[in-house]
Amino acid sequence: MFGKLTWNAIPWDQPIPLAAGMAVMLVLLGVVAWVVAKGHLPYLWREWITSVDHKRIGVMYVLLGLVMLLRGFIDALMMRSQQALAFQAPGYLPPEHYDQVFTAHGTIMIFFAAMPIIIGLMNFVVPLQLGVRDVAFPTLNSTSFWLTATGALLVNISLVVGEFARTGWIPYPPLSELAYSPGVGVDYYLWSLLISGVGTLMTGINFATTILKIRAPGMRYTRMPMFTWTVLASVLLIVAAFPVLTATLAMLALDRYLGFHFFTNAAGGNMMMFVNLIWAWGHPEVYILVLPAFGVFSEIFSTFSGKPLFGYRSMVIATMSICLISFTVWLHHFFTMGAGGDVNAVFGIATSLIAVATGVKVYNWIFTMYGGTIRFATPMLWALGFVVTFVIGGVTGVLVAVPPADFQLHNSLFLVAHFHNVIIGAVLFAGFAGITFWFPKAFGFRLHEGWGKAVFWVGLAGFYAVFMPLYVAGLLGMPRRLQHYDLALWRPWVLAAGVGIVVMLAGAVCQVIQLVVSIRQRRELRDEIGDPWDGRSLEWATSSPPPAFNFAVLPQVRGADPYWQIKRRAIETQQLSGEPDYQAIALPRNSPTGFITAFFATLAGFALIWHIWWLMAAGLVAAYAVFVWFAWRDVDEKVVPADEVARIDRDARRARARWLERNAAGGKA
Amino acid sequence: MAAPAADAAFAGDPYHVGLEGQSGIATGHGEGGPASERVIVGYGFWLFLLSDIVMFSCFFAAYAVLQAATAGGPTGRELFNPGRVAAETACLLLSSFTCGMSAVATQFRSRRWTQASLFVTGLLGLAFLLLEASDFRDMAARGAGPDRSAFLSAFFALVGCHGLHVSAGLLWLGTMMAQVFVKGFRTDILHRLICFNLFWHTLDIIWVAIFTVVFLLGLGA
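Taken in sequence, the protein lines are chains C and A. The first sequence maps to residues 34 to 702 in the working numbering. The second sequence maps to residues 197 to 417 in the working numbering.
Simulated from the structure, these hints should not be mistaken for lab results. Just so it is clear, CB atoms sit at the ideal spot from N, CA and C, and this is done for glycine as well. Treat the hints with care, since some could be wrong.
[As the list claims (entries may be wrong)] What follows is a list of derived Cβ distance ranges for each label pair:
| no. | chain 1 | residue 1 | chain 2 | residue 2 | range |
| --- | --- | --- | --- | --- | --- |
| 1 | C | R695 | A | L394 | 53 to 59 Å |
| 2 | A | G296 | C | K37 | 28 to 34 Å |
| 3 | C | A619 | A | R338 | 57 to 63 Å |
| 4 | A | T408 | C | Y213 | 35 to 41 Å |
| 5 | C | V376 | A | R338 | 37 to 43 Å |
| 6 | C | V668 | A | G296 | 30 to 36 Å |
| 7 | A | L326 | C | A212 | 41 to 47 Å |
[What the hints assert, rightly or not] Not the full set, but computed from the structure, chain C residues with beta-carbon under 10 Å of chain A:
| no. | residue |
| --- | --- |
| 8 | I238 |
| 9 | I247 |
| 10 | A274 |
| 11 | F295 |
| 12 | A438 |
[Stated by the list, open to error] Over 10 Å on every C-beta distance to chain C, these chain A residues come out as not near it, computed from the model:
| no. | residue |
| --- | --- |
| 13 | V250 |
| 14 | M373 |
| 15 | L389 |
| 16 | I390 |
| 17 | D400 |
Turn these sequences into a full structure, and let the hints steer you where they fit.
Okay, here's the thing in structure tokens:
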């Protein structure tokens, strides 16, 4: 009846996951109970869960990413404290649990923290920057989000029901095959990623179509903001790379479920094919994450220097070159496979070519600041911290791209320090910078600057305190993923990293305080006109938060930095452009399709993990039924009448007119 | 034949590239603003098909790597049945033709001929699936199932993945016939029919690659 699922699946004898799981469940139940008791459920259902508005979906993505970031950070705390204690001692985490912790940490941080934060920023910002009303396929967008949430949910269920994989976040066979991982851990990994991978692929298709086909009049390619350009490169990579992940994980699932021999030791299976295939996805994945991060920083450097981005065209060329070359470097993840000196040399050189394109970007950012009027607001601090940190990460990256050096550093903590250096230094910093930068646009008030700066300085210090010692430990030969160790030489560096993560924890606490303080002081921090940073691109041309339709009339774009031009004209002529001719706007109707699909996908995924075949069949039939039900609807748009559009837009124009007057008065005084 | 009356909206845009009579300024190309719904839907679906082809190419690559790894078991030359493969190919290619005919019938807004062509397409697709299933059953009965060798794993995964796509296509086809029957040629249903046509022809293209890489090369080896 319930397949492999029995009461023994719950780890009664392991207090740590049990207590953690119970605590999470209690918190969740508490939140749900509070929502129901306060009567917020209809609001949540109507305005968020069933929303197909790209802005709402973007906010939900970022929220999911931040919650999972916290979960992944708790895993990191456990690993650092285990290693700090486990010198010639067993520590407090037994090996089978420690292995699950580092696997869950990597999986969660990449797929359910970094990806949702980046995709959330894409969702919120791109249609606004393009000057349009929504993405190409709004309901599909909601489905993408909920499928990602399904994946995150399945990973978290593994905390209390069964176990997670003990294979590392890239589950290399034969370890991940049934013979060596007979439990459900790898299956949790496979189905949560296969399901959320479908969501990511659909996001890629959705945004590629949006950017290539839906832009405001006059928004030529060479006028698109740099963030939108980098998102384009990133989503093209998603469309080309995520099917590879799906195929690879499907092959591993076939091996485990139906006795296939793709990657087994027996019957001619080829485990190095798994390594090749998964890194053919895995390396582009790095750029799926980091290119939009570069885009965020490009916007920030330009805005806070009060100058157009230096070398716009070279930036576009560098972005698209990285997009292409990222598909030709995957073998540098396993130089030690033994493909031979020539093959390794080709991939080493290709890898160094990416460093050239990235170098172009770094110089462009520096020259953007040159001669500018720089304001050191929190987003700009993150951007400056990024440039310094990322250059260090890039240099160590070029070091491991040299095959002979890589043979020494492979599988060591040096490598761990390197990729945390680039992923934290670029993607996570961009996440915090982007959230601070666009938060006022999303909610209508800024985040508290003082606490924001505290998050930056403490976080930056914590990052260096954790990972610089790990570089040294790696150079001293310490392998990654050690549950315990006996060599006194590594001890001080491991302890230093353990102290560092406490500093990082302080940064996380500052972040929570910043959110609480900002929400409490939201009236003082109010952004009335919708342009809190003196911005340049079209998202600042609408009010904060933007109306459901984003723009009352689609803006006419006449050059790069279109909002800067509009603003300059308004200041010079001391009046806003004439009131447009308001017309009724058709918006896509809300739909629970995404939520219901994800609900059945969760059931089907859970059933597959535990071999509950009837439930899997029921989940699939129900998913198909939802699909037909959605396809059958007759009304898919709601209309905002012209006078409603006019009322909303006139409010926004009044606020801007007031600002213009104040600005003129201030100028005279 | 004259252009169908219902397509008067495309008078200034005979090839349906999204010009929509906007005096020479194309939509979706920067100056003209957002593209038409039809272009957006078609474009998105093309991107999906490209991603699907990337997924198939992984299974092709795995097959190419593993095709010699028979682990002492039967080879393709011993297993493949040229007659049945020819019959499967004929079914699928003919179904692509009838699918194309349904698109022509839709252009002329003929519900009867659209439904008839879609129905024949479905029958041919079903025949293909039944032939393939019996093929798989025979191989499994001879002890040549996917668990016998890495070669057979790759074979069953690649050909089976295509078979799954055809099955999903049949489900979609049935849904589309029901929608045309109940709702007629509404704009969104026309868009879905375009996407279905693209999907079905793509399955044909993938089959041609399977026919060449798996069966022709396998039998000739």
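Tested hints:
no. : hint                        : in the structure
1   : R695/C x L394/A: 53 to 59 Å : 55 Å, holds
2   : G296/A x K37/C: 28 to 34 Å  : 48 Å, violated
3   : A619/C x R338/A: 57 to 63 Å : 60 Å, holds
4   : T408/A x Y213/C: 35 to 41 Å : 37 Å, holds
5   : V376/C x R338/A: 37 to 43 Å : 39 Å, holds
6   : V668/C x G296/A: 30 to 36 Å : 32 Å, holds
7   : L326/A x A212/C: 41 to 47 Å : 36 Å, violated
8   : I238                        : 5 Å, holds
9   : I247                        : 4 Å, holds
10  : A274                        : 8 Å, holds
11  : F295                        : 6 Å, holds
12  : A438                        : 29 Å, violated
13  : V250                        : 4 Å, violated
14  : M373                        : 12 Å, holds
15  : L389                        : 12 Å, holds
16  : I390                        : 15 Å, holds
17  : D400                        : 19 Å, holds
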